[in-house]
Amino acid sequence: MDILVAVKRVPVTGGRIVLTDDERAIDTRHLGFTISPHEECAAEEAVRLVEAHGGSSTVLTLGPPEAEEQLRDALAVGVDRAIHLLSDGEEWDPQATAAAIVAAIEAERAAGTDYQLILFGNESADAANFQAGARVARALGRPFVSGVKALALEDGGTLVRLEQEAGSGRDVYRVPLPAVVSVKEGLNLPRYPSVPGRLRAKRKPLDTSTPTRPAPRLAMRSLSLPPGSGKQARVLGRGADAAGEVVAVLAELGLV
Amino acid sequence: MDALVLIEHGDGAADEGSLQALTLARAYPDGAVNAVLFGPGAEEAASGGLAGVQTAFVTTLEGAAFSPDAWASGICELIGRLAPGVVIAAGSDRGNDVLARVAARLDLPLAANCTAAEPSESGALVTRVRWGGSLLEEAALEGAPVLLTTALHAFAEAPREGSAAVERVDVTLEQADRVVSVTEHVEAGGGGVSLAEAAVVVSGGRGVGSAEEFAVIEELAGLLGAAVGCSRAVTMAGWRPHSDQVGQTGTKIAPELYIACGISGATQHMAGCKGAKHLLAINADGEAPIFASADYAVIGDLHEVLPAIAEAIRKARQP
Ligand SMILES: Cc1cc2nc3c(=O)[nH]c(=O)nc-3n(C[C@H](O)[C@H](O)[C@H](O)COP(=O)(O)OP(=O)(O)OC[C@H]3O[C@@H](n4cnc5c(N)ncnc54)[C@H](O)[C@@H]3O)c2cc1C
Ligand SMILES: Nc1ncnc2c1ncn2[C@@H]1O[C@H](COP(=O)(O)O)[C@@H](O)[C@H]1O
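Going line by line, the protein sequences match chains A and B. Here my numbering is used: the first residue of the first sequence is 526, the next is one more, and so on. Here my numbering is used: the first residue of the second sequence is 497, the next is one more, and so on.
For reference, chain A alone in the conformation it holds in the complex:
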């Protein structure tokens, strides 16, 4: 089975987000980059499915040239191939993003690869639009299930069984392949890339193309940090000597 995974390059923001002077982006000068944990799980799942059932896995991103780093990371954990849709560095709105991904999937189909399973993160780490997967599925006329935390092939690989959190339990879906699924962290525990994995990743095939960005219909104007908590922590003490003060606070809160 051929599987496609869509990932998005985002900064690792650490303890505090700093914006650029024009307040239209995060100041990433001192930051590393990664992908959403949801998408890491999607890539891991694709690798495991191919290990268990054969086929191939492909990772795709729409992003700046630097996003090759995230594609190589996915190749290092075992994904076979990468597709890089080069952007101008601007963030594309959800409709434009989905359209570019759909065009790439259709080009792949024309070239002989018809992905039976297309995996997304439930939401991108930064923009969190909660919609790329639904749009791609609709455009392809395929079933879509969001927020999946367990996935298994059934019926000789013609159906996929999916679990989604619902209230205190889980809803189960069984949908025919080909299908589009968005996943959440917790689906699996992604492996760390090994050194040989990293070396192999350098030689794995990576195709690029450059789609053109349409005018956004959800247009970001500016970013801002939510008002701070304004809290000033009361230091209860240092080391074990703080225990008495801590218990006094617990008593104030009615816990002791």
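Honestly, the hints are just simulated from the structure, not real lab data. Possibly wrong hints are sitting among the right ones.
Quick partial rundown of chain B residues pointing at chain A, CB under 8 Å, derived from the structure [unchecked claim]:
{"hint": "1", "residue": "Leu-632"}
{"hint": "2", "residue": "Glu-634"}
{"hint": "3", "residue": "Val-696"}
Backbone N, C-alpha and C fix where the C-beta goes; we use that ideal spot for every residue, glycine too.
Given chain A, work out where chain B with the ligands should sit, using these hints.
Coordinates of chain B with the ligands only, in the frame set by chain A:
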């Protein structure tokens, strides 16, 4: 401008998130507010009161199973009939999922998790949350109708009062609308205090050191009747299951007291515990970012501090 609100419900009453979405719909200028409810119990939830709603359109859909494409189909049909200026759902799992499907069907933009919205010439100006709430975005959203979901807890709940006219509507479903349907619901096993609901949560981060050393976290949690939580560094190390993870891609919690031990306070962790009434941070590094969000701070090695606290609690409880 008329508004249409998707009301999710359970046990015959509207969900809190949907009542928050209703508050935004009512604040939207000039127009009637209508609601749409699906599935068993819809009529009861509609009659139970939806403040300010003129007509509640109720679609039982045959069979009890949740079917997101059927909901999307029903909403699109109502949009065709009522021509609302704005369609709003809660930024819940289902609300975001179903409105994304509506947006895809109508090829319209959608802004998820808004904290504010007002009409503009070509659609709406919205404020929405990014990064799990660590960043706000001002955006111009096109669309007739405007499609949006409300960030959870960004709006007060509309009261469950008033008497909306209830109108039953049938949705014409295509075969494809039924392909994605819940076939089964499994309840989570396992007792213990649920992380999402616990009044007190004691969490450990990388600073705990290993899976075994979580014993100190568990001991304090046990004494306080608290749930155990953790950071992503811990789940990635395999020390705790992901179901214990607090944060942007873990569980969002709002306990009375959150005790974070050996956790640095990355924005993605804090995105999951902003709702905590009180935060006690225990960290060896006096400069750790978590102290900036804390109410109470203890600077020190958690392996010394936690056993001492446990001891002091036991002593305080001795008759
Ligand atoms: C898109 C995205 C989503 C994410 N989602 C989540 C999420 O849902 N939840 C989450 O937690 N993280 C999430 N992360 C990861 C997050 O950015 C941090 O990497 C993570 O929270 C760090 O965990 P930590 O604080 O335990 O580890 P560290 O940052 O390594 O901090 C360890 C802390 O322990 C202290 N310490 C060490 N030893 C001791 C000791 N003996 N006693 C006391 N203190 C000690 C250190 O001073 C330090 O402050 C996400 C990241 C990204 C990019
Ligand atoms: N620029 C992008 N390139 C590739 N995949 C993307 C991109 N943006 C979003 N996605 C995918 O779509 C999912 C949902 O994104 P969003 O709709 O922005 O929340 C993400 O988790 C990714 O799997």
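Against the structure, the hints:
{"no.": "1", "hint": "Leu-632", "in the structure": "holds, 5 Å"}
{"no.": "2", "hint": "Glu-634", "in the structure": "holds, 5 Å"}
{"no.": "3", "hint": "Val-696", "in the structure": "holds, 7 Å"}
Of the hints listed earlier, there is not a single one the structure fails to meet.
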